[in-house]
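S.K.: Join the two chains into one complex using the hints; note that each chain is given alone, in its own frame.
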Amino acid sequence: MKLGRIILAAAAIAVATPAAADLVFPSLSYRTGPYAPNGIPFADGYADYFTLVNERDGGIGGEKARVLECETGYNTEKGVECYEATKGEGSLVYQPLSTGITYQLIPKVTADNIPLHTMGYGRTSAANGKIFEWVFNYPGTYWDAASIIVKHIISEEGGDVSGKKIALVYHNSAYGKEPIRTLEELAKKHGYELLLLPVDHPGQEQKGTWLQVRKERPDYVVMWGWGVMNQVAIKEAASIRFPMDKFIGVWWSASENDVLPAGDAANGYKAITMHGVGGDFPIYADLKPHVYDKGLAAGAGDQTGTVLYNRGMQAAMLAVEAAKKAQEIHGVADITPAMMRDGMEALEITDAVLDANGLPGFMPTFAVSCDNHGVPGLGAIQQWDASTKTWSLITDFVGADRDVVDPLIAEDSGAYAAEANIAERACN
Amino acid sequence: MFYRETGDFKTSYAGDIQTFPLALDRNRFWIVVAFAFLVVPFFVNSYWEKAVLLPFFIYALAAIGLNILTGYCGQVSLGTGGFMAVGAYACYKFMTGMDIYIPMGGGEYYEILLPPLNIAACIFLGGLTTAFVGILFGLPSLRIKGFYLAVATLAAQFFLVWLFNKWEWTYNYSATGQITATETSLFGILITGPNTEPWATYLFCLTFLFIFGWIARNLVRGRIGRQWMAIRDMDIAAEIIGVNPLKAKLTAFAISSFYIGMAGALYFAVWNGAAEPTESFAIDKSFDVLFMIIIGGLGSIFGSLIGAAFIVLLPVLMKNLLVGMLGWPTDIAEYLQLIVVGGLIVFFLIKEPHGIAALWRTIKEKLRLWPFPY
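So the protein lines, in turn, are chains A and B. Taken in order, the first sequence gives residues 1 to 428; the numbers are from the working numbering. Taken in order, the second sequence gives residues 429 to 802; the numbers are from the working numbering.
Some hints could be false.
[Said to hold, decoys possible] Derived coverage of chain B by chain A (criterion: at least 3 residues anywhere in the stretch with Cβ under 8 Å from a Cβ of chain A; other residues may be distant): (1) 601–609; (2) 619–625; (3) 688–702; (4) 707–719; (5) 755–762.
Think of the hints as simulated: they come from the structure by calculation, not from any bench. Quick reminder that beta carbons are idealized off the backbone N, C-alpha and C, glycines included.
In isolation and in its complexed conformation, chain B is listed as follows (with noise of 0.2 Å):
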């Protein structure tokens, strides 16, 4: 009765293929996103884009980029934050002027100074970055599998975050060792440094959110992603239907770090302006974008919105009731937290082991049904 899909005819094959082939879908999508970006910038005040909805951005976009590899290439990863580590950095050295030197013997170099380029090349810059480090890790996912794979992308991640810390040139030489975003800005507005506008922030993120969104969605219904699909089912049956597993393994890489970089080089340059490597890119960077799409759903991307969501707000929004309204102890408040987002990751993965993505599907399916299901 709420969700009705009756009358709603096509008539053209573009009409049958797009992401939303029922109106009410569409329409709702359309208003999320009206509303997102026309209405919510004129109110967003810098509590609310730097602790709810910047945060929630970028890890949503990291998850796309993790269930690209995990939820549909089932390739499994821990070394996103490594990967979100390079994209950081990367964006950090673009956005400052790329230096590289090739030693062509004797002691001679031959430079290649780049000028700071733009914030969102930077960015970009970061994601490809990114994606060709990510292609490098993925090359032991043709031999080893499942588990194993794990580990080795495990290596990857304190290998990168070892390098951060080591590779002086990686940070500018920097006593300390953090990066520290410049100011910039787009269009005469400015997107990172300290004197940002809540909005200008806000929308320059979830422009890049919407866009690569939108690709990934349009990717991985597509041939590259029916690829993907056929290699997770069963590999050596993608093998036989002429799947070549080289090229859809290290799409998968490429492209997953690729979201996975601009999600971290988002994270460092436009959300916290500064970062250093193991803080900010540690093994729990990892854990919980795995956690976000296994809650969301893995092979889903409405589910890494989903899951993002859940794993960023619910410990800000429990924290708020805990603290500010109901004035508990701040660490009693910080310990309940754990516990509960704990005891609810367990939960889902009982009650709905495909994540809220499924849950969804399943309200979806009892609102067409209701009042009268059969």
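Same shape as in the complex, but just chain A (with noise of 0.2 Å):
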């Protein structure tokens, strides 16, 4: 044990040794383990991002970006762990793409000061920036999503969906269980039954869900799902021969990934989106040569165009804008994690930034407030083509019932402020 401990102490010295004058994004990613069929592409476009505003631009604002990625196999103990070994190294914004991690670092980036972006995950009410000052989750929260599917459902059916039957295929963890209210109170308000139906970690055995899906009839089945569990949904699904365009992915159940396995099955899948689909975006030609033909392609550069490549990019586009931003509002080029905050919740996405990166049209334009950390809530359906092997948008971004997710953001915050004992800070 002693000689363990000496051996730890010298590993974690050397660790801590490499400090240089650089901007920190630390990357808490899973290339290991049952999720890692998402965990994957979306590091891989997070580094690649990061790789290529290093070699295009020379850094941001003349610093240079420095992805420290650390495998948390979406485990929460792992993840935080990744985080305490990465906080000492003025890491700037935390993504750990994971609602449970989510969980776990809200109360601590809250004592550390270093902001917290969960990029449409996460903890739906951190989107009242007058609780959650660290924590962000623009563009677009789990209750959005929600009333955003339950909207196109309804406008399938021409306007009603009273004496329906929807029924929620969701992760049976914090995350999965995240859209349920929303959904219980939009069902009050339309007038659909609710079904609810939870899946285990990892999520590989499905035959009971799926026995229940057959049995019950839903019209409609929405799914939060994650990981391996989304290929088995969607394998299960065709094999019961659930009408594909009947089923509706939250966007983290929306990828190649989850699709492919099924085949020609899993053609007219649905699930929503919060940018745009496939690898026609201009910022792929300044890609190819500045990052992959040097050979420096996170992971085996085998996901570039996938849907949460582009994601992955997406959070990295986010998080670079921020600094910019941050550098703006304080002069500085080497920032650190509060001024970072300063210029996430400063931040202003318009089109002319989105042109700028590349990236025209890729995504909703919004502008961050103090008391909005979650804007806009936009999203738009995709649907699956497996002939073609694409994704393509069915409908327009659209915004979600904001009578309904409101009130239950202000409800849910005001919760956690009463159990954490935070005051609500001033906006104006």
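M.R.: Structure representation (structure tokens):
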């Protein structure tokens, strides 16, 4: 034990030494385990975007970006270890890509004053910036997604869903349980019946769930899945011949890796998305000479143009833009996490910004504000075409039912504030 | 030569039966304890606390608990994760104010509302609640043995995790099913919540491990421990010489679950600050703790500590070494670490089936004779 301590001490010292003056962006990724099919493309996109910024622009405002990758395996214990291991290196913003880890980190980042960006995941009520000063979840939340999916179902049904049955197949964790409250509220409002079907981690075993779907015959199935659970669900749905165009996933059940294993049977599967699809954006013309051809691509380099790769780039792009904003506000290039937070809160994504980044029309434009960290809350529905193996957007970006979502956010964030003894800060 | 017992005379029975009869061992023990209590708190930072020391202490406590049941009493259990969950959820209920509703008929309820309790009391009560649940799940052990008992405890594991997902009262009806530790303090020093100082949580967990490790060590060499070992070695013979199997087995289940429950409570409240049953207390927790005691040494308190250190610290060490120092890709490091830990488990099981604790005994024996072995 003593020897072990000495070795550990030596290792810890060695780890702690590299501290160059650069902008540190930790990437709590997962390239192993049952969630790796989704974790790998996101982590690759995240890393590649920063490589592009370093190679093409020489960094952010002259400061090189350094991505610190740490493997979490989608496991909260390892996620916390990664957080503790990387926070001392001046990490500017955490993006854990896990709702479970997010729940662990919210109190920690608030105490340590490091911003946390949970892009379209995490705790929905963190959209209330008056209470969650250090947590951001733009450009959308789970409750927005749930509401937009229901909106889509309503329009599919010609405006009336009363008496219809909607099943929610969800990952039995904080992540999967997140939309339930919204779907229940919406059920009261629109008169549909909600059927809850939990799937336990890791989600490889779903025979019972889909047997129940077959028995209960819901009109629509909505899925809140992640990792290997997505592929299994789509395959199971295909095997009971559930109509794919009535099967709608959240934006985390919406990647190529989820639908490809089911082959042609997945044709017509729908999912909500918060950004554009495909590899036709001008940014790829920049990525090729600056990143791919130089052999700097992260991972195996085979994920380019996929949904989650694009989302990883989106996450990195939003972080870079926020860092630029922070440099602009404070007039220094070497920003601190607190400055980064100011940048995130003042972040404005306009068409000009998207064009400059080679991502025209990639996502809806928005401006973050002090009291709303979850803007704009828009989503579009995408559909899978198995013959061409491509996603395509079938609706415009639409907003959530704010009358339902906003009171829920106020209620839940208020409950958190009471529990954690946080006073609401003033926003002007 | 390095490990001498010559000249270490005892003049009393108390001196003869103490845990460390050799002055060398005793002094070494006290030096380690003094170092842990008096020196480390001044240097511990939040990485060491959260990633290395707290998990080590908490798993060590759980491993001591399982070792009492499996190593000393011979009852194989795969329900450790579930029992840790009981400890964690009981602790959560006590720290947020336990509310019990007893139906009185006719829609009337008799309410028992406890105020939020002191954190140390919550941990202890978490352990007690788990002890009670452990007794319930230990009842089948009176009729079934070996693999069959392992399967029965496996049922406990799945049932308990399912229960904490399903029964909303246990997580105070939170929307996500997560439990989050509230901010609590002991003697005015924060113990749980995000604003704790590393030394405070470190000392808190270390104190629990020290006190209950001490108690466990003395339990297993006393009357109860000897009964457990008699049952383990041959239950029929034990019964014939007058050991009550009901009492011995159920006390083993109760005390083992008590330790595991406290470990679960510390895991949730002090170390992680939040937990959800499916992920935090899944079946792999049960296996991890079982590996700890098998590698460390069945039937040895010291083995529980060394096994916990092995399983908890080796992955962290390898990660720091491969990714931090050598700059390897994180996924390759992760896979390699799985291979190495798995390989070492197989290696130890072949080379030293009685665990690292037995290896340590052999080393001591060799050191005693060195440099003139006969």
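S.K.: For each hint, tell me whether it holds in the structure or not.
M.R.: Hint by hint, here is what the structure shows:
Counting residues of the segment 601–609 of chain B whose beta carbon lies closer than 8 Å to any beta carbon of chain A gives 5, which meets the minimum of three for the stated coverage. A stretch counts as covered by a chain when three or more of its residues have a beta carbon under 8 Å from one of that chain; for the segment 619–625 of chain B and chain A the count is 3, and the coverage holds. Taking a C-beta to C-beta cut-off of 8 Å, the segment 688–702 of chain B contributes 3 residues in contact with chain A, enough for the three needed, and the coverage statement holds. Check result for the segment 707–719 of chain B against chain A: holds, 3 residues qualifying (beta carbon to beta carbon below 8 Å, three or more required).
Here the segment 755–762 of chain B counts 5 residues with a CB under 8 Å from a CB of chain A, which clears the bar of 3, and the coverage holds.
When each numbered hint is compared with the structure, no violation occurs for any of them.
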